[in-house]
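Going down the list, the protein sequences come from chains R and L. Here my numbering is used: the first residue of the first sequence is 1, the next is one more, and so on. Here my numbering is used: the first residue of the second sequence is 1, the next is one more, and so on.
Quick caveat, the hints were computed from the structure, so don't treat them as lab data. As the structure is a computational prediction, the values presented were derived from the model and not from experiment. Note that beta-carbon positions come from the ideal geometry of N, C-alpha and C, so glycine has one too. Check the hints yourself; a few may be wrong.
[Unchecked claim] Here are the simulated SDA-like cross-link-like pairs (lysine to any residue), alpha carbons at most 25 Å apart as the crow flies:
#1 R:Lys-112 <-> L:Val-5
#2 R:Lys-123 <-> R:Gly-166
#3 R:Lys-123 <-> R:Arg-94
#4 L:Lys-105 <-> L:Glu-75
#5 R:Lys-89 <-> L:Asn-204
#6 L:Lys-20 <-> R:Asp-136
#7 R:Lys-46 <-> L:Pro-212
#8 R:Lys-89 <-> L:Arg-193
#9 R:Lys-112 <-> L:Phe-215
#10 L:Lys-144 <-> L:Glu-75
[Unchecked claim] If we take Cβ atoms under 10 Å as the criterion, some of the chain R residues that face chain L in the derived model are:
#11 Ile-2
#12 Ile-131
#13 Leu-134
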Amino acid sequence: MIEAKNVSLVYENGTVALRDVNLHIEPGEIVYITGPSGSGKTSFLKLLMGIEYPTTGRLKVMKQTMSKINASNIRRLRQNIGPVFQEFKLIRGRTALENVMLGMRFLGFPPKKMHEYAVEALKNVGLEHKISSLVDNLSWGESQRVAIARAIARRPSLIIADEPTGNLDIDNAMNIMDLLVSFRDQNTTVIITTHATHLIEGKEEGTFIRIDNGNLSIERKGEALV
Amino acid sequence: MKSIVYNMGYFLKEAKTLFKIDLTSNILSILSIGLIFFILALVISGWDIMSFIVETVEREAEINVYYKEGLSDTEISKLLEDIRSVEGVGDVKIVDEEESYLRMKDILGDEAHILELFEENPFSPFIEVQINIAESDVILRKLKQVENIEYIRDNKRVLDRLNDIVSVIEFVGILVVVAVGISTLMVVSHIIRQGIYNNRDQINTLKLLGAPQPFIDFPFILEGFFLTLIGGLIASILLFVLLNYGYGQVELAIPFIPLPAADSLIRSIVTFTLVTSAILGIIGSLLGVAKQGEGFRG
C-alpha cells in the first residue's frame, strides 16, 4: 500500500518537515500517527495525497511513485483515497447528502448506487436524521461525521484522517476514533493523525508512528493487519 | 461521458448556484451581452435587407426607353427592332399608358388612391427592355445612338448607390461581428474567472477528492453557455419587436421598396443570434477555465 525509503521533505523556505523516513504499510493496516503540532504529521499526509513531492528518497503509494506521478495519475490515486480533512472541506450551501454524493460523482457509480452508498454512509456515522440538512447548520461534530461519511462512501482503499478529533471532548473524540477504525477491512487501510496521544494510549492493535521534528519512530502492536 | 450524463442534474444545479452566488454581475452581464447581440442582429438584418434589395433590383434589371411623341406604328416597330438588335438586350416590349397606370396602382397598394387626384392618366407609354446588368454601360451607349429615342431611364445609378451602401454595411457588419465576438468572449471569460475565484475552496476540495478537470469545469461552461444564450434570447426578442414594428412603418412610408419576407428574415437572424451566442458562450467559458487545471496538486 505505502512504501517509503529514505524520504525527506524540505519546504522552499528551508523548513525540514520529514527526515529520512523509512516505512512500509500493508493493505488493511490501522495506522496512528502522533506528535505535537508542527511535527510533520500533516506534511506526511500531504505526501501520501500528492499535495507535496518528496524532496529526496522514494515514496510509493498504491504502486504510484510519488516523485514521478503525473496529473492524471494523481487524480486516479486520490479517487482511491477517502480523506477526512482537519477543516472538513465541506461545500457550504449543500446538504449533508449532497456533500457525501459529491465525493462520488466522478467515480462512475450509477446514480441509484451513489445515492444508496451515500445514505448508508450517513447512517453509519449516525446522521440519518440530518441527510437533508444544510451543512452550514450542522454542529462541529456533525460536520466531522459528514466528512467521514464522504470519505467512506467512496469505498476507498485508503482512509486518511487528519486530526479528526480536533477539539472534541474525550468521549466524542473516542467515538470518532472508533468509528474510523471500524471501516478498516482487508482492503482498506486507515491512517489517523492526532496530537492527542491519550486517545490512542489504550489501543492494543495497530501501527503507531510518532513524529517529532520530522523524525519517525514506529511501533507495531497486536495484529496490525486484519 | 457516462459521468457527465449521470451528473447532468448536478451540473445544472451547480450552474444555477454559480449564477446565484454572483447574481448582480451575472444579470448585468446578461443585459450587456443582450444589447451587444441586439446591435449585431440589427447590423446583420440591415445587411440582409440591403442585399435582398440589390439582388431584386439586379434580377429585374431593365431599362425604360421613352420615345418621341407622335411616332407612327411603323416607326415604333422599327424602333423595337433596332433595340432588339443591340447585343445584351433580352425581352423588349411596349408598355402603354394604361398598363403604366395599373402597374403604379399595384405598387402603391393601399395608397393607390393618390392616383385619383390626377384628372388624366399622367403616365406615358415606354419600351421595357430587359438587359444583362453586367453589360449595361455598353448597351446604354449603343441605345443612345438609336433614332427616335427621347430619354432612357436606367437603374444603374440606383444600383451603384445600393451596392455602395451594401459595401459600407458589410464593412460595418464585419467590424461589429469582430467587436461582438471579442467583447462577448471578454465578458464571459471574466465572469467565469470571477466564479472560479469565488468558488476556489470548492474547486480545491474537488481536486483533493480526485475530481477530473472536465468535471470541475463543466458547471462553469454551462454557466457561460446560459449567460450568452439568455443574452441572445433578449436580443432576439428586441429584434422581433423592432423588425415587426419597422416593417409596418417602411411598408406604409415606401411601399415600392422590395423587402424580404419578415418571418423568414426574423427566423434566420434569430437562429444566427442564438447559435452565435451559444458558441461564443462556450468558447468564452473555455477561455475562462483554461488555466484552472494547472494547479492539480490542490
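Here is what the structure says about each hint:
Between R:Lys-112 and L:Val-5 the alpha-carbon distance is near 14 Å, which keeps this suggested pair within the 25 Å criterion. Proposed proximity of R:Lys-123 and R:Gly-166 is supported: the alpha carbons are some 22 Å apart, at most 25 Å. A threshold of 25 Å between alpha carbons decides the hint, and for R:Lys-123 with R:Arg-94 the separation of about 18 Å falls inside it, so the pair holds. Distance restraint check for L:Lys-105 and L:Glu-75: the Cα-Cα separation of roughly 30 Å exceeds the 25 Å cut-off, and the hinted pair is therefore not satisfied.
For the hint linking R:Lys-89 to L:Asn-204, the alpha-carbon distance of about 9 Å falls within 25 Å, and the restraint holds. Proximity of L:Lys-20 to R:Asp-136 is assessed by CA-CA distance (about 17 Å); at most 25 Å being required, the pair is judged to hold. Between R:Lys-46 and L:Pro-212, the direct Cα distance comes to roughly 19 Å. Compliance with the 25 Å bound is thereby established for this hinted pair. Our distance criterion of 25 Å between C-alpha atoms is met by R:Lys-89 and L:Arg-193, whose separation comes to about 21 Å.
The straight-line distance between the Cα atoms of R:Lys-112 and L:Phe-215 is roughly 19 Å, inside the 25 Å bound, and the hint therefore holds. Of the supplied pair hints, the one linking L:Lys-144 and L:Glu-75 holds, its CA atoms being roughly 17 Å apart against a limit of 25 Å. Residue-level restraint check for R:Ile-2 is violated (minimum Cβ-Cβ distance to chain L is 17 Å; threshold 10 Å). Given the 10 Å rule on beta carbons, the hint for R:Ile-131 is violated: about 17 Å separates it from the nearest Cβ of chain L.
Because the closest C-beta pair between R:Leu-134 and chain L is about 13 Å apart, greater than 10 Å, the hint is violated.
Violated hints, in rising order: 4, 11, 12 and 13; the structure is consistent with all others.
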